[in-house]
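Colleague: Those sequence lines, one after another, are chains A and B.
Per the numbering used here, the very first residue in the first sequence carries number 1; after that it's consecutive.
Per the numbering used here, the very first residue in the second sequence carries number 1; after that it's consecutive.
The set of hints was computed from the structure by calculation and includes no laboratory data.
It is possible that part of the hints are untrue.
[Said to hold, decoys possible] Some chain A residues well away from chain B (every beta-carbon gap over 12 Å; in silico): (1) Q43; (2) R299; (3) H360; (4) E419.
[Claimed, not checked] Covered by chain A, according to a simulated footprint, are these stretches of chain B (three or more residues, beta-carbon under 8 Å): (5) 8–15; (6) 21–28; (7) 294–308.
Every residue gets a Cβ at the ideal spot worked out from N, C-alpha and C, and that includes glycine.
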Amino acid sequence: MSDEQAITIEEQLAQEIARRENAEAQLAEATEKFTRKEERTRQILDTANDAFLATNIFGDIIEWNSTATELFGYDIADVGGTSIDVVLKPNTNSDAKPLDTCLAVVLNAVGEEYRGEMLGIHRDGHTFPIEVSISAMVWKDSFFFNVFVHDISNKKQMQAEMARAQKLESIGRLAAGIAHEINTPTQYVSDNVGFVQDTFKNIAVLLKDISPLLAVARTGVVPESLVKQIESHIEEAQLEFTLEEVPEAIQEAAQGVERVAEIVRSMKNFAHPGVDTMTPIDLNESIRSTITVSRSEWRYAAQLTSDLDESLPKVTCFPGDLNQVILNLIVNAAHAVADRYGDDSDQGLIHVTSTCDKTHAVIQVRDNGTGMSNEVRERIFDPFFTTKGVGKGTGQGLSLAFNVITEKHSGTIDVESIEGEGTTFKIRLPLHVDTAKTNFSVSDDELGATAREESQ
Amino acid sequence: MTTNILFVDDEACVLRGLKRSLWEMKDQWNMQFVTSGFEALEYMAKNPVDVIVSDMRMPSMNGAILLGQVKQQFPSVVRLILSGYADEEMVVRAVNTAHRYLSKPCDPVLLRATIDRTIALRTSLKSPRLRALVGEIGTLPSPPEMQQRMNERLARTQCNLDQVAAVVTEDPAMSAKVLQLVNSSFFGLGREVVDIADAVKMLGLDLLQTLVLSVNIFEEFQEESQIIQGVATHSMRTASIMRQIMTNYVDDSTMVSAAISGAMLHDVGQLMLVRRDGAKYREIIDEAHNGMGTLIELEEEAFGADHAKLGAYLMALWNLPDPVVEAVAYHHTPSACADSELSPLSFVHLADAIDHSQENIGPIGAPLDVIYLEHVGLQQAVYEYFPAAKRPATKPHHEEKIVTARRAV
């Protein structure tokens with residue numbers, strides 16, 4: 001019995017040992033598995049195309065993958081324990097600091113995760129556009145923030161290039177129209193001047209008759225030959241016709257020159273060369289110039305009327321960009337009207353207005369063109385969305401307009417449309433602009449410079 | 001006789017300016033001025049008009065549409081565009097309806113000269129029926145095979161200009177069209193273009209595509225393709241014979257180009273007649289082959305003018321350079337040309353006769369003008385191809401002489 005018992009104890013011991021060994025082996029295996037898994041996770045993070053960083057509840061960085069090192073120029077040793085605000089900052093659309101944004105995620109104030117555009121701050125001080133995705137995580141009773149950072153410099157640069165291309169495209173198209181606008185008055189200026197030049201030859205002959213006539217008039221006897229000569233000169237000069245036509249010819253030539261000057265002035269006003277900062281401008285003047293330079297775009301499709309509020313205060317804006325937006329709206333209106341009425345320019349109507357309320361200047365462009373369906377209306381501000389045929393539109397105009405108005409000017413652009421009846425675009429621009437806030441604008445030149453550096 | 005000229009422009013200022021700058025012409029020209037296409041058509045329905053000068057871009061009815069209407073309703077009227085629009089595509093789109101395209105601002109002297117020239121041309125073609133025949137023609141027929149080749153090349157993604165130029169230079173109809181375009185004041189910039197390949201290059205691929213695919217210069221003309229093909233092949237052969245002869249006589253490359261254009265276009269009048277009435281023209285050719293008369297006589301009889309005269313009229317309306325127009329006009333009768341120096345005409349006349357003698361094309365009815373050719377210094381070339389002509393040619397205009405010459409070959 002005791003033997004049996006002894007055996008049993010031994011057996012139990014052996015079993016125990018085996019179990020322990022087994023457990024140890026399992027533990028070792030689990031540990032190895034875990035280490036392998038962690039390594040793999042680490043590797044996944046390090047080879048990710050996006051930068052990854054994790055912070056504690058205070059926003060202090062505790063994790064940092066190698067893409068983050070590449071992107072920001074810091075090692076984990078450099079940034080471990082420092083605040084996330086050292087490497088991220090908000091772009092102009094928002095005042096919220098990245099850490100505040102993180103906390104907002106925890107409080108569920110912005111949903112369970114945050115996704116948006118910010119600026120990254122490189123170790124050397126330069127900033128670059130990024131897309132950030134933040135999620136909160138609770139682990140072992142502590143809060144952590146996982147932050148993925150996607151570099152969108154290329155995308156931004158492409159957007160800027162598209163905007164530039166769109167601008168060039170519309171300038172190219174305008175150029176043909178403006179040439180027409182200038183060639184037409186030039187034709188009648190030169191015709192009228194040529195006419196005055198020709199008729200003056202005959203008038204000069206007549207004028208030369210005055211002195212001898214005066215001389216004989218003093219004597220009181222005018223010889224018949226002189227009278228005959230003057231009569232024949234009067235006939236040659238077709239005096240009546242000339243006296244009637246010449247003043248008109250001069251007036252119309254002067255009008256033509258004024259019209260050319262007006263077009264040139266408007267072109268300058270439209271393009272605002274050299275102005276790439278926010279400037280207070282007379283919005284009505286801007287609208288008028290844009291209407292003038294785009295005349296040949298709308299003239300053959302519609303009657304264009306405008307009703308501009310002369311009491312409008314000066315509006316601080318990027319004038320070139322804003323004019324580009326107004327141009328896009330006018331050209332779109334002309335196309336919509338042409339699509340509805342064809343060449344019948346008597347029926348097409350485009351109406352441009354400016355008004356203001358206490359806080360905003362409001363520009364409206366209304367047309368009685370084809371209008372658009374709800375599906376179309378919902379997508380018109382999307383880049384590359386176009387209902388125009390190939391070669392007629394790139395789908396950039398309105399998406400550009402949206403960016404210019406909302407991002408660069410903190411304004412709004414809305415559209416109302418009834419299919420078959422017409423469309424109204426309404427732009428609201430804040431009258432009082434915090435210029436400090438708007439100086440973010442990544443200007444074309446800056447991006448151009450980056451692009452040049454990169455290509456070298 | 002006064003000429004009736006109608007000016008159309010939506011800008012009244014332009015019309016008043018034109019009226020003043022042309023007021024000295026008021027005794028010779030009856031000038032009317034209207035501000036829209038509708039008014040123009042209304043006026044033309046009630047009054048005689050010889051020449052219409054229209055703006056291109058106008059509200060409601062643009063110049064191309066107006067001239068298209070005029071072409072249909074009043075084909076004998078000469079149609080000019082005077083436009084300030086600087087869009088090349090617009091010019092190309094107007095090319096089938098407008099005879100000439102003038103750019104604003106246009107020097108009054110040039111405008112007057114252009115109108116004078118078209119008036120002079122009109123008087124050369126007296127019958128209104130003939131003027132209408134020419135006026136109806138916006139485009140000339142190309143051989144179907146050529147149309148297909150052109151469409152195929154233009155549709156290729158890697159289409160290059162040299163390949164396109166190669167097709168155009170083999171087709172009289174397309175050659176005439178591209179020369180018309182580049183010699184409009186819009187493209188020509190005052191410089192005359194006589195070389196067909198140069199013209200193609202000046203237009204560029206995009207405009208050629210517009211011309212062929214959108215403006216549709218081919219107009220789906222399928223009748224009597226055998227005659228059309230015949231004209232194209234004969235013109236090509238004439239050009240190639242001529243090129244060979246010219247190497248011994250001429251260094252001036254402009255003259256060579258003009259002569260080649262002349263050779264390519266010398267029979268465009270035949271294309272016009274096919275276009276006008278293919279079945280009838282086929283009959284005439286058959287009759288000529290059966291010895292019922294010469295081609296020229298039969299053309300005169302049936303249509304009122306021969307193909308040389310008609311072709312030259314259209315080419316002049318299209319403002320092709322004078323040496324080319326002369327080569328077309330007088331390729332049967334070089335002595336009738338005011339210019340009796342060695343010119344593209346001389347070579348076209350000779351090369352045309354050589355090809356006719358080598359291929360059995362049927363009696364044209366115009367003999368080789370040996371005296372003229374001797375006068376311009378081409379006797380060696382004449383004797384080489386027509387040894388029979390070497391004998392003292394007392395009556396060079398006599399038909400038999402040439403018949404002998406042909407037998408000798």
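Colleague: Compare the structure with each hint and give your call.
Modeller: Status of the hints after comparison with the structure:
no., hint, in the structure
1, Q43, "holds (45 Å)"
2, R299, "violated (7 Å)"
3, H360, "holds (36 Å)"
4, E419, "holds (25 Å)"
5, 8–15, "holds (count 3)"
6, 21–28, "holds (count 3)"
7, 294–308, "violated (count 0)"
Taken one by one, the earlier hints fail for this structure at numbers 2, 7, listed in ascending order.
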